[in-house]
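The task is to assemble the complex, starting from two chains supplied on their own in separate frames and drawing on the hints.
Single-letter residue listing:
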Amino acid sequence: NAGVTQTPKFRILKIGQSMTLQCTQDMNHNYMYWYRQDPGMGLKLIYYSVGAGITDKGEVPNGYNVSRSTTEDFPLRLELAAPSQTSVYFCASRDSYEQYFGPGTRLTVT
Amino acid sequence: KNQVEQSPQSLIILEGKNCTLQCNYTVSPFSNLRWYKQDTGRGPVSLTIMTFSENTKSNGRYTATLDADTKQSSLHITASQLSDSASYICVVSAYGTDKLIFGTGTRLQVFP
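Sequence lines, in order, name chains H and E.
Here the first sequence is numbered in the numbering used here, starting from 109 and rising by one per residue.
Here the second sequence is numbered in the numbering used here, starting from 53 and rising by one per residue.
Same shape as in the complex, but just chain E (with noise of 0.2 Å):
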């Protein structure tokens, strides 16, 4: 069954440090893994969006890393934030369809 599962469900830390946020999936045959930010109230907003011969793209004080051999992607961020505080879903794409299939995210909390 083609699932997509982040971790941790939560993260809270203090603005100005690191973290990564990681992804698993079994999703095949692959396509495409995408990164979105989704701030409360609203839609996600697409970060990155990898295929399977890039491993790593980077947006900003965001870098995307994926590893198609172990089905292993992470979200690190840089320099963290307030405005950094949002849920963080990674998406991947089975190849030949157009449907996606959503983690259930990484609630991020920055705070001063």
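One chain only, chain H, in its complex shape (with noise of 0.2 Å):
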């Protein structure tokens, strides 16, 4: 049972540049998040999702985008990276209990 896998583990950008953290679950949940995690800083939350086709903003989102088209797919996208964009990314799934955390994508903006 794989659970929340996310792809890449690391990844160096440059300032302006763009790229997709892929996030798949393979529990069927409905629910699926993207979180960064700054040194020093409780988790914040980027975009949520209740299902497929629909996506709603968290409490940091800009630069961000995202989309569901399947229920085990939840990719996050960056269009025009910035070094604010440095941050440890969590996609976590969840039932009607609990959260399920992704190994998490480590990105370096330089």
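Just so you know, the hints here were simulated from the structure itself, not pulled from any lab data.
Treat each hint with caution, since some may be false.
[Stated by the list, open to error] In silico DSSO-like pairs for lysine-lysine, Cα to Cα no more than 27 Å straight-line:
1. E:Lys53 / H:Lys152
2. E:Lys123 / E:Lys151
3. H:Lys152 / H:Lys122
4. E:Lys151 / H:Lys152
5. H:Lys152 / H:Lys117
6. E:Lys69 / E:Lys151
7. H:Lys165 / E:Lys53
8. E:Lys151 / H:Lys165
9. H:Lys117 / E:Lys151
10. H:Lys152 / E:Lys123
Okay, here's the thing in structure tokens:
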């Protein structure tokens, strides 16, 4: 049982480049989330989805976009990378009781 | 403003010793409180979840307590092991929302 998987594990981007962080879950969960974790800070919600075709902004959505075409996949898009987006990104999905987190993607923008 | 504060920020203990981590929150209306363990380079993993009516919950050597009146929670680790070295995050959910409010975590290091 893979749970929540994320790719890539690490990535270095130059300022202005774009990339997509991939997230897939195999638990058939409707709810999925993207968080970022900065050093010394709590996780902040970027975007979330309550089902295929439905997404909504979290606390810190600026500079990011998401889509949810299937139940399994919830990719996060960075269009014009900025140094402020250097962070660790976690995807999560949840059932009626608990959230399950992926292993994270460490992104550095230089 | 909904906030979750944890103390201490970091803690060093010797293997076999006990320790207690603290969490204070101002989230209202309160729904539930969770403790997560996050190993270095990994995603958070749930340890316990408590609702308003629960004041203690155990998961092996981990015991969480909740005082909903004072809006405080603690996580007690008994007979610590090297594998307990991790960050422990307190997370609170407000009633009627799917969103979680995360504390900044306590970094625990257990040395032999």
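Are any of the numbered hints broken by this structure? If so, which, sorted upward? 6
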